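Trainee: So the chains spell out like this:
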Amino acid sequence: MKNALWIKNARIIDPANSVDAVMDLRVQDGKVVETFSASTTPNVIEANGLVLAPGLIDIHVHLREPGQSAKETIRTGTEAAAAGGFTTVIAMPNTSPVADGVDVIAWIQQRARETAVVNVLPTGCISMDMKGELLAPIGSLVKAGIVAITDDGQCIQSNELMRRALEYAKMFDIPVFDHCQDFKLTAEGVMNEGYWSHVLGLKGWPAIAEEVIIARNALLAELTGAHVHCQHVTSAGGVRILREAKERGVSISGEICPHHICLTDEMLQGYDTNFKMNPPLRTPRDIKALLIGVADGTIEYLASDHAPHCNYEKEVEFDDAPFGILGLETELGLFLTHLVHAGVITLPDMIARLTSKPADLIKSRKGRLNVGADADIVLIDPQLKWKVDKSLMLSKSRNTPFDGMELTGRAVMTIVGGRIVWTLQNGIVV
Amino acid sequence: MNWTRKDLVGIRELSAEEITLLLDTTASFKSILNRPIKKVPSLRGKTVVNLFIEPSTRTRISFELAAQRLSADVISVSKESSSIKKGETLKDTALNLQALNVDFIILRHTAAGSAQFLAERLKSSIINAGDGSHEHPTQALLDTFTLREKLGSVAGKHVVIVGDILYSRVARSNIWALTKLGAKVTLVGPSTLVPDMFKQMGVEVRRDLDAVLPEADVVNLLRIQHERQQKTMFPSLGEYVSLFGLTASRFKKCKENVLIMHPGPMNRGVEIASEVADGQNSVVLEQVTNGLAVRMAVLYLLSGGSSVEPSLAAAAGAEL
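These protein sequence lines are chains A and B, in that order. With the first letter of the first sequence counted as 1, position 59 gets the number 59 in the working numbering; the numbers rise by one all the way through. Positions in the second sequence are counted from 1; adding 430 to them yields the working numbering.
Among the hints, erroneous ones may be present.
To be verified - Cut-off 30 Å, straight-line C-alpha distance, at most; resulting in silico cross-link-like pairs (DSSO-like, lysine-lysine):
hint : chain 1 : residue 1 : chain 2 : residue 2
1    : A       : Lys184    : A       : Lys363
2    : B       : Lys685    : A       : Lys314
3    : B       : Lys629    : A       : Lys184
4    : A       : Lys314    : B       : Lys515
Stated by the list, open to error - Label-pair restraints from in silico Cβ distances:
hint : chain 1 : residue 1 : chain 2 : residue 2 : range
5    : A       : Ala295    : B       : Ser511    : 50 to 60 Å
6    : A       : Lys131    : B       : Thr519    : 23 to 33 Å
7    : A       : Gly297    : B       : Leu673    : 47 to 57 Å
8    : B       : Ala585    : A       : Gly297    : 51 to 61 Å
9    : A       : Ala295    : B       : Thr434    : 46 to 56 Å
In short, the hints are calculated from the structure, not lab data. The structure displayed is predicted, hence computed values, not measured ones. Built from N, CA and C at the ideal position, the CB exists for glycine as well.
Between the sequences and the hints, there should be enough to build the whole structure, so can you do that?
Mentor: Structure (structure tokens):
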């Protein structure tokens with residue numbers, strides 16, 4: 001195997017090292033190097049006109065393995081990641097069984113070693129069986145290699161347990177990811193509570209159910225000093241609460257997903273379950289607030305909440321369909337189109353939020369390209385116009401609302417540990 | 431104008447002209463119902479399946495009878511008697527019906543959007559007989575037909591709908607039908623069941639039933655849908671009656687010729703007092719009769735029947 005790559009004339013954007021310049025990047029034996037060792041014959045990649053960035057990191061992905069491999073496997077999920085320009089994905093623990101013990105973490109790590117195309121970093125549960133009653137063995141999970149704890153969609157309802165979880169997690173210096181949802185307030189809600197839920201006769205999932213928990217998290221983060229990361233923030237109120245908390249210096253952060261900034265609840269008129277996700281699509285007013293929040297730094301992180309489901313699971317009555325949509329293969333194109341080309345943030349800023357910033361959040365050394373760093377790299381054509389075609393996706397599932405949408409910008413090559421794993425031209429090549 | 435839609439999923443997407451066509455066609459069919467021989471051959475050779483995934487008496491029998499009066503072959507399937515009970519999906523059940531060359535599927539379902547779900551996937555015509563809290567188009571048509579028959583026209587009339595609007599498909603379909611035809615609609619009920627959000631649909635929302643009643647040409651009372659709501663929406667039925675029940679004493683505040691409507695099933699003593707339900711102003715049972723004519727008209731138009739033919743009733747009678 002050739003073990004050296006010479007990528008020439010790329011616009012290298014490496015935010016952690018304040019680099020944004022056209023130059024070459026050299027890779028040998030899986031690392032970024034300054035010069036090749038003697039008698040090396042590197043593969044040369046001409047990258048004129050392309051952006052070279054640290055491989056992208058998605059901090060919110062459901063790989064479904066173990067236990068739900070009809071939806072996705074670690075293999076297919078990481079193939080989708082590679083095709084989206086991602087070299088590292090943070091796997092959520094709501095598998096079957098849930099990741100509340102070191103056995104499950106070890107299984108995921110071994111499966112990833114054997115089958116994954118990109119790096120897989122597992123998260124562990126906050127509570128046993130994600131029931132919100134007893135703490136999971138967080139210390140053991142950390143030793144096993146988790147990068148964060150979360151009860152995923154089973155948001156801890158007990159403020160007391162959440163407080164203990166934060167105090168306990170602080171000891172290990174890991175962030176606590178929270179899917180913010182007060183279950184009593186959402187009840188059986190399936191879409192945003194608002195005009196369209198009233199018209200469509202669907203039960204409302206009000207923004208306040210999310211905001212109440214974001215506010216709770218801000219108070220508990222302030223009390224405990226632990227870091228709470230609020231996943232997929234969707235509402236104007238949520239942005240406001242985060243902004244106020246951050247101004248006070250509270251260790252709290254927020255993320256947004258592409259669908260929440262480019263789709264609205266009005267689009268549920270056809271009862272298409274590919275528009276059903278949790279939290280739900282909200283209103284144009286919320287989107288405006290989210291974009292302001294991204295621009296002013298209130299919301300620092302970008303993620304997909306990649307949530308594959310089988311066609312037969314989604315093609316049912318709206319009330320009965322599972323929440324969630326695919327994300328990895330459309331994420332970069334959507335963020336480039338709706339954040340960068342729309343003028344909300346700059347390209348280097350977007351790349352920072354998909355590389356060094358999430359790496360810092362999970363205390364990883366990835367997401368940067370200094371000499372000696374892991375050679376996880378993405379080549380991006382930010383101006384490439386393309387049309388989403390779900391039939392071409394590498395995920396095992398097809399539940400996307402973006403099919404047929406025209407986007408500007410996508411990854412053209414993904415390199416993990418110095419190996420080319422995917423190219424736009426040839427697909428997966430490992 | 432002619433009817434061009436394959437399905438009847440909701441009133442919201444219909445134009446005033448389409449609603450009027452349905453009402454005019456209903457009038458033709460109503461005249462048949464008063465004849466000694468009540469059957470016409472319009473749907474001879476067609477197959478109608480009543481797929482009722484949620485329980486119903488009135489609507490199911492009304493659709494069955496309507497299809498029979500049009501000479502269609504009719505089969506009724508309930509959730510209990512279908513393979514949905516065995517875990518078959520709605521889509522598969524419906525595709526199986528389609529494989530039997532069923533022409534119409536009349537769907538009653540607990541989930542909003544289920545009629546549209548089938549309409550998009552099947553070649554058969556889908557008639558929505560109530561989908562969750564979304565729409566119940568034939569109920570709105572029969573209510574509107576009754577109103578028009580009794581009061582001459584819909585435009586300019588003030589219709590007050592009282593009760594559980596949030597979970598009511600009847601209310602939604604009525605709001606669209608009435609506002610499209612030019613009626614003034616006022617919703618009355620507790621703020622938890624009648625959120626102000628409904629104002630955006632072009633209606634008024636009020637809390638003071640006593641003040642509204644003297645202005646009403648029609649009062650349509652809705653049942654509290656216990657099966658669809660949380661326990662915390664209002665304190666007790668007693669308090670509900672005291673604020674929003676159409677009691678005998680409250681009824682005295684109404685105009686003398688007010689129409690009292692109820693889509694059924696009624697909870698006597700809750701939303702409506704027995705005296706009012708059985709009183710001179712009540713058209714509750716006429717609504718049921720008109721429902722049959724409405725459903726015949728819907729089946730007729732969806733089967734490709736041309737727009738209102740004045741000779742329809744006479745011709746049909748002669749043929750038999």
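Trainee: Work down the list of hints and note, for each, if the structure agrees.
Mentor: Status of each hint after checking the structure:
no.: 1; hint: A:Lys184 - A:Lys363; result: 34 Å, violated
no.: 2; hint: B:Lys685 - A:Lys314; result: 51 Å, violated
no.: 3; hint: B:Lys629 - A:Lys184; result: 26 Å, holds
no.: 4; hint: A:Lys314 - B:Lys515; result: 19 Å, holds
no.: 5; hint: A:Ala295 - B:Ser511: 50 to 60 Å; result: 58 Å, holds
no.: 6; hint: A:Lys131 - B:Thr519: 23 to 33 Å; result: 30 Å, holds
no.: 7; hint: A:Gly297 - B:Leu673: 47 to 57 Å; result: 49 Å, holds
no.: 8; hint: B:Ala585 - A:Gly297: 51 to 61 Å; result: 55 Å, holds
no.: 9; hint: A:Ala295 - B:Thr434: 46 to 56 Å; result: 48 Å, holds
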